[in-house]
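Enquirer: Sequence:
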Amino acid sequence: MDHPYALAGLHPGGALGGPGGLPGPRATLWHGEAGAQQMKNLVRRASSGAGAAFIVLAWLLVAQLFSPASWLITLLLVLVSWGGSLEYAQLVRDSGLAIDVRILVVLAVLVILGYAPSAGELGPPVLALAAAGLLIRYLPSSQPLAVLRSSLLGLVYIPYLLHFFYVIYSAPNGLGYTLLLLGLVWAYDSGAYLVGHRWGRHKFFPTLSPSPQKSWEGVVGGLLFALAIGLLSRFWIAWPQLPGLFLLQAGGLALLIGCSAQLGDLFESKLKREAGVKDSGTLFPGHGGLLDRIDSLLLSLPLFYGYLHYLLGRL
Numbered sequence: 002m003d004h005p006y007a008l009a010g011l012h013p014g015g016a017l018g019g020p021g022g023l024p025g026p027r028a029t030l031w032h033g034e035a036g037a038q039q040m041k042n043l044v045r046r047a048s049s050g051a052g053a054a055f056i057v058l059a060w061l062l063v064a065q066l067f068s069p070a071s072w073l074i075t076l077l078l079v080l081v082s083w084g085g086s087l088e089y090a091q092l093v094r095d096s097g098l099a100i101d102v103r104i105l106v107v108l109a110v111l112v113i114l115g116y117a118p119s120a121g122e123l124g125p126p127v128l129a130l131a132a133a134g135l136l137i138r139y140l141p142s143s144q145p146l147a148v149l150r151s152s153l154l155g156l157v158y159i160p161y162l163l164h165f166f167y168v169i170y171s172a173p174n175g176l177g178y179t180l181l182l183l184g185l186v187w188a189y190d191s192g193a194y195l196v197g198h199r200w201g202r203h204k205f206f207p208t209l210s211p212s213p214q215k216s217w218e219g220v221v222g223g224l225l226f227a228l229a230i231g232l233l234s235r236f237w238i239a240w241p242q243l244p245g246l247f248l249l250q251a252g253g254l255a256l257l258i259g260c261s262a263q264l265g266d267l268f269e270s271k272l273k274r275e276a277g278v279k280d281s282g283t284l285f286p287g288h289g290g291l292l293d294r295i296d297s298l299l300l301s302l303p304l305f306y307g308y309l310h311y312l313l314g315r316l
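Here the sequence shown is numbered in our numbering, starting from 2 and rising by one per residue.
These are calculated hints, taken from the structure and not from any lab test. Wrong hints could be hidden among the right ones.
[To be verified] Straight line, CA to CA, 20 Å or less: simulated EDC-like cross-link-like pairs of lysine to aspartate or glutamate:
#1 279 <-> 95
#2 204 <-> 280
#3 204 <-> 218
#4 271 <-> 95
Throw the hints in and build the complete structure from the sequences for me.
Expert: What follows is the structure, encoded as structure tokens:
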């Protein structure tokens, strides 16, 4: 034989360009397995996300069959506030503060009930007094001010921001505006994940976010996805529940919600980083906990309302 590789019909460079014949195929096999695992994770993430979206959409549509439907929306927000506050309290405890989980969760539910349409105008002030009394009464002796600050932040971050869902949904054409908001947030999240996962190269605030997959490319992709949904809303005027916006208005709204969704994600990432965890929970496979699913929505709720109400006079 002229060369030790001649019997196998291989050249020294390898069948697929690897050094020495066999490393090339091994590298290809490794990448294939990694690609299969990535695809599996993507399918799992998409399935759990689609399942959560289906439940929320079905809930909102069923609520339209009842008059009034406020109790169904209240129940939805109570469940979300309860679950989100539970995860938030655990994050705070993991960061080293002895926050009372039960008190925080109870107060979070009371905030939602206090802002419910049936509570009337006295609901919020009465609730504020009750919350202040309970928080002060059950403050721990260790780091009381830090615990009080974290507790108040949790009540503002989850139930107070969630109460804007009431305001948007109960407005004229409220279902349409609610679906538009959810569509913009989900479009941004999906675009940021897909584009960042495929083309992400430049890390986006790595000091804040524990996820290595967040990138500037993902941010741009998310904004483009949200912008596409916003511009499409211009043509939804044919369905009264989805009143159309002018192109400039729709584009501005989409970019605003895209930015607020990213800021909400960064804020929750900071909480998780301080707690030393990757996810807020395990409720949704591939997504993490409930807070991981609603972090982009929470900050978007008041900004969506403010944009439509104060700038456009729509709500």
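Enquirer: When the hints from earlier in the document are held up against this structure, which numbers fail?
Expert: When the structure is compared with the hints, none of them turns out to be violated.
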